[in-house]
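Q: Here is what each chain is made of, one letter per residue.
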Amino acid sequence: MWGRGGPAFPHTPTLLKGFIMDQERRVLLAHGGGGHLSRELIEREILPRFSNEILNALPDTAALTVPGTHILFTTDSFVVQPLFFPGGCIGDLAVHGTVNDLAVSGGRPLFLTLALILEEGLPWSTLRQVLEAVRRATTACGVSVVTGDTKVVRRGQCDGLYLNVSGLGMAWPGFQLSARSIRPGDAVLVSGTLGNHGMAVLVAREKLFLETALVSDSAPVHRLVEAMLPWTAEVRFMRDPTRGGASPPCCTRPPWAAVLPLRSRPCPWTPAAAAVAEMLGISLLHSPCEGRIMAVVAPEVTQAVLAAWRALPEGQGACRIGQAIAPVGRVSLHTTLGGHTLIDRPQGEMLPRIC
Amino acid sequence: MCVTGPGTIDAALTLAERGAILVTFGDMIRVPGSRLSLAEGRAQGADIRVCYSPLEALALAQEQPEREVVFLAIGFETTAAPIIGMLDRAVREGVGNLSLLTALKGVPPALAALIQDPECAIDAFLCPGHVSAIIGANAYQFLAKTHHIPCVVAGFEALDILHGIRSLLVQHIEGQARVENPYARVVRANGNPRVQALIRHYLHPEDVEWRGLGVIPGSGLALRPAFQDFDAAHRFGLQVTPGRVHPKCLCGDVLKGKIMPSRCSLFGRGCHPDHPVGPCMVSTEGACAAHYKYVSTEGATE
Amino acid sequence: MCLAIPMRVVAVHADGGGLAEVDGVKRLVTLTLVETPQVGDYVIIHAGFAIKKLDEDEARERLALFRQMAQAWTTSREGAE
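Residue numbers (my numbering), protein chains in the order written: chain W, 4 to 358; chain C, 8 to 309; chain L, 3 to 83.
These are calculated hints, taken from the structure and not from any lab test.
A few of these clues could be false.
[Unchecked claim] List time: in silico EDC-like cross-link candidates among lysine to aspartate or glutamate, alpha-carbon distance up to 16 Å:
| hint | chain 1 | residue 1 | chain 2 | residue 2 |
| --- | --- | --- | --- | --- |
| 1 | C | Lys263 | C | Asp130 |
| 2 | C | Lys300 | C | Asp281 |
| 3 | L | Lys28 | W | Glu122 |
| 4 | C | Lys152 | C | Asp130 |
| 5 | C | Lys265 | C | Glu70 |
| 6 | L | Lys28 | W | Glu46 |
| 7 | L | Lys28 | L | Asp43 |
| 8 | W | Lys154 | W | Glu122 |
| 9 | L | Lys28 | W | Glu229 |
| 10 | C | Lys265 | C | Asp130 |
| 11 | W | Lys210 | C | Glu70 |
| 12 | C | Lys263 | C | Asp124 |
On a predicted model such as this, the values are computed, not experimentally measured, just so you know.
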């Protein structure tokens, strides 16, 4: 049956040209999902080839010691579809994504690169709209685009436009961020509701016949990090829950253990995001955010950090969602009945399910 | 999903290879076929679309009348309902380029087969709530009356499940066997007669192969001959074979509760959630995937 | 299991379709599989189709029971801590 294509449909004069599949291994969509396959691709294909001490720790941002100063350096590519979604577009998303990677690594973002991969035939007005969004976001974040690149690929070779943005920042003095420093009793905080960006984009992209007021949480988090500067010694660990949602920060290496009762008020979900997730059989903990911080802090600064965050518009929904219980182990969700659900990375793509 | 044979996936890929648009629920995308999963087929150029509602397949067929659209119709009676709802509309609207590759299955014949298996030694059934919404709680009466097996229809809240298990234990302790329906907010004794009539109109029972469980008499829901134009296998002259299962895969025994997942020689050695060999390792709710996540990662043994 | 959630019917269209709503999320659904759907009915939605009406009295009763059970659980835990 395999390898010879089979006869053409007997009843269909409208047959399109068929093709023959082979057994060769290929890149799957799931390799970009932020889950196990993404990690496998990095560990098997990237690390062995480009191994160095900084890259091997797989940081979102590399902390480099350059003589005289301590800088942070990161890169990220953006391929979101649709290009425009409720609450943002690929332009501001790219700036926020890179700025946030620097910020949650304890840095003050300073400079960005901007690389554009454009599809032949992209309307000029679309390009302008995206570039304007990049400009507005960089102004709001106080960063400069200092170098860049533009490529155009043939029509059909990319989906409108892709962006790659690298960022350079200065490390704030005092942060010593590592999951290794987490201690039992530490508080797990988030700066706002979880999962809205992923759900808003899914609803905008797929023909789900859904009407929601959901908007992406796309926003910069560098001011939230600056708000924590008085307590740098008490902040153990910080991540932005982007691809794969809150689950990758929970499954980081070295592993840490916490229980998240998720019964706190205000609840870290918006009801609409939770309803869409339940309808489609997707875990909100796997749904990306693009304007949130997840942080583990010493218990005595919990209220101070939450108050400082809530004083900023992007931190209004900040709350404590759980408590660290051990320096190694797993992060688990407390169910209402007292059971524990282990938080795991997603298996590839976020897809609607029926069972 | 777990009990769909690899031959169905193979057939779906063959149709896509010949140029059809294949529409499927997201659940099926990672299930292994004899050689490839749908995700792997899609990476090679197969036109495979993931839908939430079967109506999306109908809309696609109407938007692209020059293409053949095949809907991969899998599931139990619950999912048969929306699929037949869509088919009913396609038939009435005279859509000529849409067909179903059917692997729909019925729950009661499978339960009947399981209690005949002496190795299973089944004491009671916690009956699936949403299947029961269609077929009704009375569909389990034969198990209680003829075979003296307690049945409780449960909902999906944690407390529904706990309550259901409690009811089964009480029956077991009292030596009773009756059908109880604490999920009465959704399930009635006679189910949804409208859907049952539609299913009877379009589908008829046939003997089909369940992945890991073998052939179960009368457990398949196949299109009646009058609607064979909508049957992808008939329409495109395709023989759906059982397909090739990994010879060491013990998903059948896991599904029947005969062995713990870790007793399978492939468990964690060639079969794990990133690279599932058998269907029980595919979704997070699968017995093997759950065992892998909770037991093997905590270093505990069975 | 078959994933299905309760939603409230907010519009019934002449073509067998309608709008159902939960927590501010509205979806176009098909109502042909249930008897006489009406605005205000709660229905169980599976793959975009209403497959069953929800019995509201039963649901309320069950919810009250769940609340009691959850309350008892919380009380017993607080006692333990």
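Q: Does each hint hold? Answer for all of them.
A: For each hint, the structure was consulted:
Of the pairs offered as hints, the one joining Lys263 (chain C) and Asp130 (chain C) holds, with about 13 Å between alpha carbons and a cut-off of 16 Å not exceeded. At roughly 12 Å between alpha-carbon atoms, Lys300 (chain C) and Asp281 (chain C) fall within 16 Å of each other, so this suggested pair holds. Proximity of Lys28 (chain L) to Glu122 (chain W) is assessed by CA-CA distance (about 35 Å); at most 16 Å being required, the pair is judged violated. Taking the CA atoms of Lys152 (chain C) and Asp130 (chain C), the gap is about 14 Å. The hint holds against a cut of 16 Å.
The straight-line distance between the Cα atoms of Lys265 (chain C) and Glu70 (chain C) is roughly 48 Å, outside the 16 Å bound, and the hint therefore fails. Distance hint between Lys28 (chain L) and Glu46 (chain W) is unfulfilled; the C-alpha atoms sit about 42 Å from each other, more than 16 Å. Proximity of Lys28 (chain L) to Asp43 (chain L) is assessed by CA-CA distance (about 14 Å); at most 16 Å being required, the pair is judged to hold. Under the criterion of a C-alpha separation no larger than 16 Å, the hint pairing Lys154 (chain W) with Glu122 (chain W) is consistent with the structure, at around 9 Å.
Note on Lys28 (chain L) and Glu229 (chain W): the hinted pairing is violated, with a Cα-Cα distance of about 39 Å set against a maximum of 16 Å. A C-alpha spacing of about 14 Å is found between Lys265 (chain C) and Asp130 (chain C), which places the hinted pair at or below 16 Å, so the restraint holds. In summary, the hint linking Lys210 (chain W) to Glu70 (chain C) is supported, as the alpha carbons are separated by about 14 Å, within the 16 Å threshold. At most 16 Å may separate the alpha-carbon atoms for a hinted pair to count; Lys263 (chain C) and Asp124 (chain C) meet this at roughly 9 Å.
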